[in-house]
Amino acid sequence: MQQLSGLDASFLFLETPEMPMHVGALQVFDWAGSGRRRFATALRAHVAARLSAAPVLRRRVWQMPLNLASPAWVDVEPDLREHIVEVVLPRGAGLADLETRVAQLHAQRLDRTRPLWKMHVFDGLAPGPDGLRRVALYTQLHHAAVDGQAAVALANLLLDLSPTPRAPAPRGARRTEPFAPGMTEMLRGALAQQASKIAQIVRELPATAGTLKNAALVAAARSPRFGGTGSGTNLGLAPRTPLNGTVGRTRAFATARVPLGPLKVIGRAHGATVNDMVLLLCSGALRRVLLTRKALPRKSLVAAVPVSLRGADDTEAGNRASLTLVSLGTHLADPWRRLAHIVAASADMKSTLVSVKRVLPTDFPSLGVPWLMEAAAALYGKARVADRLPLLANVVISNVPGPPVTLYLAGARLLASHPTSIVVHGLALNITVQGYDGALDFGLMADGEAMPDVRGLADAVRTAFDELVALHGDDEAEAAQAPSLATLARRGLGQAVGAATGAATRTARGVVGGVVGGVIGGAADSAWRGVVRQVSGNAAGRRKKGGR
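Quick note: the sequence shown uses the working numbering, first residue 508, plus one each step.
These are computed hints drawn from the structure, not numbers from a lab. Nothing here was measured: the structure is a model prediction, and the numbers come from that model. Zero decoy hints are in this set.
Here are the simulated EDC-like cross-link-like pairs (lysine to aspartate or glutamate), alpha carbons at most 16 Å apart as the crow flies: (1) K771 <-> D944; (2) K771 <-> D973; (3) K889 <-> E525; (4) K801 <-> D960.
All chains should be built: construct the whole structure from the sequences, respecting the hints.
This is the structure:
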């Protein structure tokens, strides 16, 4: 028996019919199979062979007596016919049919009397362009059991590098009968753990207070209000949008896929990371959709961005993550100005996070917390508190690293893996992205009433990508055609001076942006390459003004 951490248990306490707290993914496979063998049958056999190495699939929640404290995990033997089920689709169904069924299933809570996971196998899909049979899999995993990184670790355990599955791990000792701890035993263990956690907090309090104090001083020093060099873009409340109210019991889901290679190239040219580029695509898509709905605020939207608190080798189940805020620059029409805004906002966020990451809590005493949190969650929804509270963020955007190579599950080749995540009161849209096999797979989960047309937003993500690629290509082409300084000199000193004077204003912002981008990248030569790149582009006279 293992008691859940305070953070893990919070996902159980906060769960309501309007806020199911599971994550997962919609995955599409090429499935040649063995004759007419069903994929669900093959998958059950595959998972059964690896259960001994996947404890997260072999445990269920056991409530504490009187629900006094966080529940515990206990070992059980899962019934794979209950956990891996088939879903009937109309023959020849396509991606839109899959998305609709996933949205319906995602609104249903997992059964807490069983291990908190379920796999839905979709057969009947239209064949792929190569004529091969295709199947899909929608997986639900409760957030109390895994965070994004832990879910990826579980996927790595189940997936293989070839169609022939690797040999299963040696079968360990497994409980053959349900575990039923006595009330006295559970209370004694719970109270001992609570006392231990309180003692640990008391011991660490001086160091924690000192860390928070130093972080506050650093943040104040960086703030432009105190003469600092930070951007200050993450300061202040978020504007209200149609996405920021009380959510209902329906969901809408859509997917998008964009190549990763071009985004990396564009990001390097502007001193931006892949995370920055994901935020840029999302900001461009949100801006386009909200403009169409005449609902784009003049103030920038703010994203709540989950960040991992795990060490490099930490793949244990459970949650070790926190949330940060990043301004998306949606008030800026020009994509490059918006990207510079996002890069600056991300840098501010990282500088603050580094100083406090060590003391951010993932566990805390929970005596009496279940009563308080469950009552508060129910009241929060019924009273529609989210409709009136000031907003810290407008949307959740998460980028989870994934495998860069082709993978297989039970002999089927994985084509795409689109994450599905949580929608909560006040944040009716969650965009989660995972890298896979040279692409970024987007999963957009929304409240069915706040954004029933989430498919339009997914299309806007692809449009934003196409626009970035086109703009970057135009910039490179114009830079290549820009006259050199020697050519300008040959045209005559007066003309050269006139051209340089006219270009000076246009290049100033680009030079600064190049230097800042290079410094953020961590190398002086990158800074100079950024300067040369920006000067070349600006000398060609290509700079647009931002704004609505």
